[in-house]
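Enquirer: Protein chains in written order, with the numbering used here: chain A, 1 to 196; chain B, 1 to 540; chain C, 1 to 358.
I should point out that these hints are in silico values taken from the structure, not numbers from a laboratory.
As the structure is a computational prediction, the values presented were derived from the model and not from experiment.
Worth double-checking, as some hints may not be accurate.
[Stated by the list, open to error] Cross-link-like lysine-lysine pairs, in silico, DSS-like; alpha carbons within 30 Å at most:
#1 C:Lys53 <-> C:Lys95
#2 B:Lys494 <-> A:Lys135
#3 A:Lys109 <-> B:Lys461
#4 A:Lys176 <-> A:Lys135
#5 C:Lys53 <-> A:Lys176
#6 C:Lys53 <-> B:Lys371
#7 C:Lys53 <-> A:Lys174
#8 A:Lys8 <-> B:Lys491
#9 B:Lys70 <-> B:Lys387
#10 C:Lys331 <-> B:Lys209
#11 B:Lys311 <-> B:Lys347
#12 B:Lys347 <-> B:Lys387
#13 B:Lys311 <-> C:Lys331
#14 B:Lys311 <-> A:Lys142
#15 B:Lys382 <-> A:Lys142
#16 B:Lys42 <-> B:Lys345
#17 C:Lys331 <-> B:Lys210
#18 A:Lys135 <-> B:Lys463
#19 C:Lys335 <-> B:Lys209
#20 A:Lys135 <-> B:Lys209
#21 C:Lys335 <-> B:Lys9
#22 B:Lys520 <-> C:Lys53
#23 B:Lys345 <-> B:Lys7
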Amino acid sequence: MEVKVDLKSMKHENFKDNEYIEQLVKELREGGTNVIVGVLDDVINWGRSNSLWPLTFATSCCGIEFMSVGAASNDMARFGFEVTRASPRQADFIMVAGTIVHKMAPVLKRLYDQMASPKYVIAVGGCAISGGPFKNSYHVVKGVNEVIPVDVYVPGCPPRPEAMLYGMMQLQRKVKVERFFGGANKKEKTPEKEDK
Amino acid sequence: MSSIYEKIKAIVPDVTIEENGLSMIVVPSKAMPLVATYLSEKESFDSLVALIGNDWGESLGVVYIIDSTKTNERVVLKTSTTDKENPTLYSVVNVWQSADLNEREVYDFFGIRFIGHPDMRRIFLREDWEGYPLRKDYDASPEANPVPETNEYNADTTISLQEQEDGTIKEEERVIFSPEDYVVNIGPQHPATHGVMRFRTAIEGETIKKIDPVCGYIHRGIEKLAEGLTYPQTLHFTDRLDYLSAHQNRHALCMCIEEAMGIEVPERAKYIRTIMDELSRIGSHLLLYSTLCMDLGSITAFIYGFRDRDKVLDIFDDTCGGRLIMNYNKIGGVMADIHPDFVTKVKNFIKYMPKGLEEYHSLFSGNVIAKNRMVGVGVLSKEDAIKYGIFGPTGRASGWANDVRKLEPYGVYDKVEFDQVVLTEGDTYARYMIRLKEIEQSLHIIEQLIDNIPEGDYAAKTKPIIKLPEGNYFKRVEGARGAFGVYIESKGDKTPYRMKFVSQGLNLIGAVDHITRDTKIADLIAIGGSLDYVIPDIDR
Amino acid sequence: MFDFSTITNWIDELLQSCMAPWAVVLVEGLIIGVLLLLLYALIALALIYAERKICAFFQCRYGPNRVGPLGLMQPIADMFKMLIKEIISIKDSDKFLYGLAPFLVILSSMLTFGCMPFGKGLLTLDFNIGVFFIMAVSSIGVLGILLAGWSSNNKFTLIGAMRSGAQMISYELSIGLSILSVVVYAGTMQTSQLIAAQEGTWFLFSGHIPMVIAFLIYIIAGTAETNRGPFDLPEAESELTAGYHTEYSGMHFGFYYLAEYLNMFIVSGIASLLFLGGWMPLHIPGWEAFNTVMDYIPSVIWFFMKTAVIMFIIMWFKWTFPRLRIDQLIKFEWKYLLPIGLFNLLLVTLMTVFGWHF
């Protein structure tokens, strides 16, 4: 079965390295798809993928470029990313824009925990991906995936706004192929009830 | 300098002088309070430019660079202690207020405790951090300090060392927040702190009672990293300190190295550097306009500012290949020649920008709500600006003429004519207006230079391996948000022995508590926006 | 002009003929309820889209244009997303009040929405204290906001809620005074009669200066009442992250989001009811031909057009002005708006008594 994950903004062929998303679709569709649930899934995923609200979060340089993405010349509002929420409860994905250091790591983890499922993470820039130029530092976390699970990586130092939009569109595609009624919406297990 | 030395020698006989790049007056640690008081009160050395901790192997110590705002003279002091187990020095906070956070930084990095400092806590690293990272014998293995998983605990009390009458040193506990205080954490993830700054704010209703800034959420240990890299390799860190004045920062480091090496920079490179510096100043001030407006709730003005800033970034993009972080200056000149379209694009921008400024004034500067929010809010007097070491546009808005471009001209600033904009109100509105006025001046500078870029090389030939002669070097430039200094101590190797970036941000943060006392929460946002600090510049 | 009561009466008679009276009331109530709910959701979605587009055009941007033609499906996508988002329950919060708060807000705006005169004969609630009822139920909203802030167990929400409480209660006075001016001028509180009284000329024109003042006060106070910029302090993003609803996620937050837009519609709707004649077409005494032409435009369109114009002005405020500070906000109300409102009430009374109006 040929897999095509198109967006209105960009056709499947125009994305680079589609093997990843094809692989993901294959894995997800292994058990077959229930027709009714599948259609419902499609509708819901259409809504979810077109309404991804970012959390206003930035630690350094990449944050300024992220502001550029929202400004007039790049205008992420076109794709429905417009409503940047300052409260993690209302955001759908977190753009980790900038270096994460030891002191920040628990804060980032906490922010991620505060977000409501389904939630996604985009690691923006070299620092967030691997520590970047500060990899050898005593105080820098070597990639945010040590702290929280990452869905999309956007390389660059800092990535251009176009690259960030591309990364966000990749996230849209990922959301589009997920199955909401398959448990894909909830990544972590509900913690065991603690006795107080 | 020598006359000052004589004068200090007269009160403290056992001072010596070290001529090594910078001529340093070595003061015994016991005599430091006396010398400091003398310098500030009798000789009008009132502005502490830099306070640099260092580990010289057998001793730990501090280098002070102090300027006089009246005579523009400079004196460099050095004091040290050989006790590495429990190093203590005397604090100069009561003489120069800007030493406050800087001494905490030295404590954080070197473990030197300052007697008389009111608040000896770590500033960048977590309170449970093991070791002092900038010491030469620091154990940097990740096992010593793994990535923490628990939230940080911040004590409400702090330790202060006080010297008793009989000469013994006693630890005193000081209270930061009492249990009755209603403390709100503004940050680290907060839309108005412009990054990951955290203000522990005690409020009463909407009124701010006290602010305790907590830095270090983006502390990357750049100064330690730089000690392990060759000089050309260290250049890229400067762009990532204060990314909004990337050109100026890199300019400072390049100049410092060039001066130490005695490299003559071609005239063309100087012109290009100056134009680029001014362009990034415009870009940075436009960003301040944008973010300040957004903080005050005017989102349309934010987008307008960014629209125009993108034009500056496009010019950078053509020539340097980067929008925000350009990596353009290099030792001896610039990385590449200017793009063929550069001159025309810059000229178009010079024509375009004044119209943009007019639009800003009609949209925001003249707005009655904006004026009410900013006029008279967060007043910083000239004396306080000097005391807290607030350089740059913020200091100039308080009436302190401190433009490094005028005081110590570099690049081709001595060949152009421009005004140093100085306002006297010192409130948020003055800090806002001075940025827009400086954009006009920057345009004026570029206008004079853009047609006269001389032909020739854009970079001087340098040796493949750059080794700085032994000595101490210090160089300042006027960054977009104030004086940006680079201090290099070289032992003659390919790598610096100590590289310190003297940033403006830490002093700005030091003044926040003073400026925001008894204002409203909303004022904190406006004042913070107008102070224009960049967090990675503070934390380094 | 087409009177919608012919349709409603026909349905009523149809039902009367085949059902017991209590069943008729039940069925009619159900139909109206469903219709209002549908309209409520539709208007909210349309408003979200409109605001995003208008704001984008103010800011030299395109705004949403990928989802559906011209981005028209954007709010629907948002709604889908919001519906399936997890609703987080917070440790150490007052669970009952926390759950109740968004419903209070939506309840208040629903009840007020029910009083809107959508067109000739399209009045759901019309009784002799109509305007008074609107004022009363719209005040429930502040309770929801206060409870939200209080029950979330969060310092930001608490500050946001306190700000909101102070702000809404203060500005309600000004709204009340300007509504009172209209009531004094018209001599009635009943919605239908208020509209009927504006058949000749709208109150804004017939009442000239005092009515214009009352209108301005109403618009300013109404903007404050809906917590929109420049009065958006309770949810001031740059100060209090998201204000009183910081801790709400999923559809709970969606309720606040919807209610915010709907409240804007309601404020504009009441403004057009009180000052611009509700669904009444623009009539100029003496210009018979003009008036007849105006009468051809359906009443529903008149109402929505007037409301839309006022909403556009309110949006214009938000996307132009910076935010006030809390003390300035309260000062503005108590030192300027309220005294002017009181004085204006006196003026209106004198004008009505002595007949100094058109």
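Enquirer: Each of the hints needs a verdict: does it hold here or not?
Expert: Right, here's what the structure says about each hint:
Note on Lys53 of chain C and Lys95 of chain C: the hinted pairing is violated, with a Cα-Cα distance of about 37 Å set against a maximum of 30 Å. Between Lys494 of chain B and Lys135 of chain A, the direct Cα distance comes to roughly 21 Å. Compliance with the 30 Å bound is thereby established for this hinted pair. Only pairs whose Cα atoms come within 30 Å are accepted, and Lys109 of chain A paired with Lys461 of chain B is rejected, the gap being roughly 49 Å. At roughly 34 Å between alpha-carbon atoms, Lys176 of chain A and Lys135 of chain A are farther apart than 30 Å, so this suggested pair is violated.
Taking the CA atoms of Lys53 of chain C and Lys176 of chain A, the gap is about 25 Å. The hint holds against a cut of 30 Å. The straight-line distance between the Cα atoms of Lys53 of chain C and Lys371 of chain B is roughly 29 Å, inside the 30 Å bound, and the hint therefore holds. About 27 Å separates the Cα atoms of Lys53 of chain C and Lys174 of chain A, which keeps this hinted pair within 30 Å; it holds. A threshold of 30 Å between alpha carbons decides the hint, and for Lys8 of chain A with Lys491 of chain B the separation of about 60 Å lies outside it, so the pair is violated.
Under the criterion of a C-alpha separation no larger than 30 Å, the hint pairing Lys70 of chain B with Lys387 of chain B is consistent with the structure, at around 14 Å. With a C-alpha separation of about 22 Å, the suggested pairing of Lys331 of chain C with Lys209 of chain B holds against the 30 Å cut-off. Note on Lys311 of chain B and Lys347 of chain B: the hinted pairing holds, with a Cα-Cα distance of about 12 Å set against a maximum of 30 Å. Restraint check for Lys347 of chain B and Lys387 of chain B: the C-alpha separation of about 40 Å exceeds 30 Å, so the hint is violated.
Taking the CA atoms of Lys311 of chain B and Lys331 of chain C, the gap is about 41 Å. The hint is violated against a cut of 30 Å. Taken as a hint, the Lys311 of chain B and Lys142 of chain A pair is broken in the structure, with Cα atoms around 34 Å apart against an allowance of 30 Å. Restraint check for Lys382 of chain B and Lys142 of chain A: the C-alpha separation of about 44 Å exceeds 30 Å, so the hint is violated. For the hint pairing Lys42 of chain B with Lys345 of chain B, the CA-to-CA distance comes to about 52 Å; that exceeds 30 Å, so the pair is violated.
Distance hint between Lys331 of chain C and Lys210 of chain B is fulfilled; the C-alpha atoms sit about 25 Å from each other, no more than 30 Å. At roughly 28 Å between alpha-carbon atoms, Lys135 of chain A and Lys463 of chain B fall within 30 Å of each other, so this suggested pair holds. For the hint pairing Lys335 of chain C with Lys209 of chain B, the CA-to-CA distance comes to about 27 Å; that is within 30 Å, so the pair holds. Taking the CA atoms of Lys135 of chain A and Lys209 of chain B, the gap is near 40 Å; set against the 30 Å cutoff, the hint is violated.
For the hint linking Lys335 of chain C to Lys9 of chain B, the alpha-carbon distance of about 65 Å lies beyond 30 Å, and the restraint is violated. With a C-alpha separation of about 34 Å, the suggested pairing of Lys520 of chain B with Lys53 of chain C is violated against the 30 Å cut-off. Between Lys345 of chain B and Lys7 of chain B, the direct Cα distance comes to roughly 55 Å. Violation of the 30 Å bound is thereby established for this hinted pair.
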